[in-house]
Amino acid sequence: MNMEEKIEQCLMAAPKPHVPDSLVDRLRKDIILKEIQARESALRRFFAPSGERISRWRVAAAIAVMVLLPLSYGATKLIKRFITISQLPAINKVDLPWGAYEGAALSPDGKHFAGTTTNFELVVIDTSTGQQRKLANNCFWSTHVVWSADGSEIAYVSRRGDKYTSLDLQSSSLLAISLKTGKTRVLMEDSPLLEDWSSDGRLILGERRSKEGVVSAVMVNLENKEETVLAQEWASPRFSPNAGCLSYVTKEANRSILQLRSIDGTSHVQYTDFPGDISRPLWSPDGTYVVFTGTQMGTDRQHKDLWALRVEGDRFIGAPLPVIPDVEQMQFFNWSQNGQLAYRTGFQLGGIFTLPVDSRTGKASGPPRQLMLGGNQCCWSPDGKQIALWKKGGFVFVSASTGAKMRELSVAGIRDTKPGMSWSPDGRLIACAGMDKQKRWGVYLITVETGAVKLLVPLEEEANSLTWSPDGKTIAYGQKRSVYVVNVEDGKPRQIASPTETEDIFNRPFFAPDGGSVAYAHLRGPNCDTVLATTIDGKETREICHLKDTKLNMRVFSWSPDGRHIVFTPGSEKIWCAPTDGGEPFLMADISDLGETVWAWGAEWSPKGDAISVGVAREEYQYWVMENFLPTE
Amino acid sequence: MDSRIKSLCKGASRADKNAACELLEIYYADIYSYLRRLCGSAADAEDLTQQTFLKVWSSLDGFAGRSKFSTWLYKIAHNTYIDSRRENTGSNRDRSDQWWAECIDKNPSPLANVAEHQLALLLYEAVDRLDEDKRHVVHLHYYQGLSIRETSKVLGIASSTVKYRLREVLRILKTKIVVEENELNVSRIIPVAKGETI
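As they're listed, the protein sequences go chains A and B. This note's numbering puts the first residue of the first sequence at 1, with every later residue one more than the last. This note's numbering puts the first residue of the second sequence at 1001, with every later residue one more than the last.
Treat each hint with caution, since some may be false.
Derived DEER-like restraints, expressed as beta-carbon distance ranges [unchecked claim]:
#	chain 1	residue 1	chain 2	residue 2	range
1	B	CYS1021	A	VAL65	41 to 51 Å
2	B	SER1147	A	ASP126	20 to 30 Å
3	B	GLY1065	A	GLY318	47 to 57 Å
4	B	LYS1006	A	ALA60	26 to 36 Å
Here are the simulated DSSO-like cross-link-like pairs (lysine-lysine), alpha carbons at most 30 Å apart as the crow flies [unchecked claim]:
#	chain 1	residue 1	chain 2	residue 2
5	B	LYS1163	A	LYS29
6	B	LYS1010	A	LYS539
7	A	LYS539	B	LYS1163
8	B	LYS1006	B	LYS1017
9	A	LYS454	A	LYS385
10	A	LYS111	B	LYS1163
11	A	LYS29	B	LYS1174
12	A	LYS473	A	LYS392
13	A	LYS16	B	LYS1017
14	A	LYS251	A	LYS418
15	A	LYS29	B	LYS1010
16	A	LYS111	A	LYS391
17	A	LYS437	A	LYS392
18	A	LYS134	A	LYS574
19	B	LYS1174	A	LYS16
20	A	LYS29	B	LYS1075
21	B	LYS1010	B	LYS1055
22	A	LYS304	A	LYS363
23	B	LYS1006	B	LYS1075
24	A	LYS6	B	LYS1134
25	A	LYS16	B	LYS1163
26	B	LYS1075	A	LYS548
27	A	LYS111	A	LYS134
28	B	LYS1006	A	LYS29
29	B	LYS1134	A	LYS16
30	A	LYS251	A	LYS405
31	A	LYS16	A	LYS111
32	A	LYS391	A	LYS304
33	A	LYS29	B	LYS1017
34	A	LYS539	B	LYS1017
35	A	LYS180	A	LYS251
36	A	LYS6	B	LYS1174
37	A	LYS492	A	LYS391
38	A	LYS6	B	LYS1010
39	B	LYS1006	A	LYS6
Don't read these hints as lab results, they were simulated from the structure. Just so you know, even glycine gets a beta-carbon here, dropped at the ideal spot from N, CA and C.
Let's have the full structure, built from the sequences with the hints guiding it.
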């Protein structure tokens, strides 16, 4: 018997005090009772008006009024649509990736939630107790995890070695891991990005990306590895619960088309009339509906709602119905067999901040100040007076000192931009990497005055991190694993640096202040501790900065205009600065005052070196499940 | 038993004095014991027992039968005790240090030997020094044998709060015993947690 049991036993055996003999007599004398009138409920008075037996006729009448009458008015529809929403607070404790992460999934019985963490671990969380279990390492978190139909296994894409970017996906494996034993089995090698796994376990759906950057949605037969291309784009394909059909979305002439195809390809129908963008169609567990998020432009803002479209066999029935309005903040994961649609809600605060800096010491000389809400990519004007912020469809120019909006510029020719844009030294052009309306990757020049777009370098794959030389004649950019420079006059690109180790990456090029060389981050694995610089003729490479502390990460950096400092953001609430003369890195600013979950990214030095711009984000999420929200028959 | 109590309650509510007497005989000793362990003197406990039953008879029509009669009864006794404490702050005499020892001596007990008697005495005295919230859950749950749910209903708190308080009590008492067993030369006040003493 342990100590606590001993204590409990002792307490339960506490002796009873002696009760005086006379007490009970005195208490008996105190009994004064008043007769309590029997209280009959109104219900009883109705059913038994005479006070005796309950009248059967009255019971029948009550049933008719209370049940049959509402039924005849369609009250069952109301009863059936009693939506239940429950929170899954246990999941908040797991470090799941931020942003538009949709890769996690609720188990078929709703008892577990599986997802890949930012540390590339596959984690399973008990939704009632919050108990976490790490099932596997080395997972891609940019792809989905999918439960087997019986909930005994989880399919996920595993990285090989220390590769960590989606570019390496061609050499990854699709594995199934047992929830009970943790044993894995290989479903296929060279897996596409996983989207779904059929209920019979024989097929998967995914998205494959070629070395040239072309994306295609595919269905793979795991037995004979036969691959069927469904569409030449990201299409969010999903199997119907009985695995007889699959759905996916395509875009044609700016219109979203919901596709429904039988597995064997013998039937194929489309829904083409939705007046907006369709994304992430999911099947209801009984296979009678496909729900999707539909985004439409309203008069004053964009509206994103959850819609449901009826499916019967291999056909769509009728038109989509809006089932949940305004789901802008909701990221849907999956719809488990127990009827729970799992999703994440949250908010993202932040935007572009500026931080005054002493250009001599590289230390912050004041607190950070918010210039604008939202936005993620920006660049300084060459005179340091404006900051251009890319928002979908164009630029917003704001005053770097006050944050006041100066003007907006519509850029119709660009469909998508990649991180790292740069304003030309003469102030006329902004260079950015992206994709045009014809889905061509390239390096583009945008005229600041008019918004006209010129394709400078057509590319087969996306590029990033453009930077102008101080004389405005050359642009450097990163593509895949190498660094290139291109002459603005003739548009001919030239590779100046490429890593010898196949696993390494040269990233985020940045022109040196003297224009003679280009600095770039040397990535070995996910972290970067070294910044190198190569002369623009590609002949000589030297080390600009090397960090001894491997926890710090210079993956995203900016070089000060006088060349003496490098500012970098390791992905936390801290902004660091490293002297290029070999001195110790020091903390430039800590922005944790702005919120608990805040983090800084993409610091850029102003042309005068007296400030940096930095993106600040704060994201907080909650995990929920929703049931019984579909329209009734 | 439950149905018997129910029918007695029904009888008492219809002014059946025999039924009320029977209810009284079933419960008066428990209620007296509960109040006696809480009160400084036997006289106070008798007074409070009388007040409790007077309230029971006068408010019997308010007992809807949604909880057990005993739970309702304990709730009245508990409230009567709290009211008396509020009205007569400081007037309730402290029990003598010998009270538990006398109580143990007068009552047959399953405690087998002298060491266990000593342990029991130490525990009962330590319970008396707990803060009021914790003391009440010990009295109701351990001394009176009420379940956690019944205790929570009497005290008007959540079952989880009762469980938490009981865990705290065991932790405090365990600390006390360990200190005693190690024969440490400690003062009467041993800090065990922030803002708490035993």
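Of the hints stated earlier, which fail here?
-> 5, 6, 7, 11, 16, 22, 26, 30, 31, 34, 35, 38, 39
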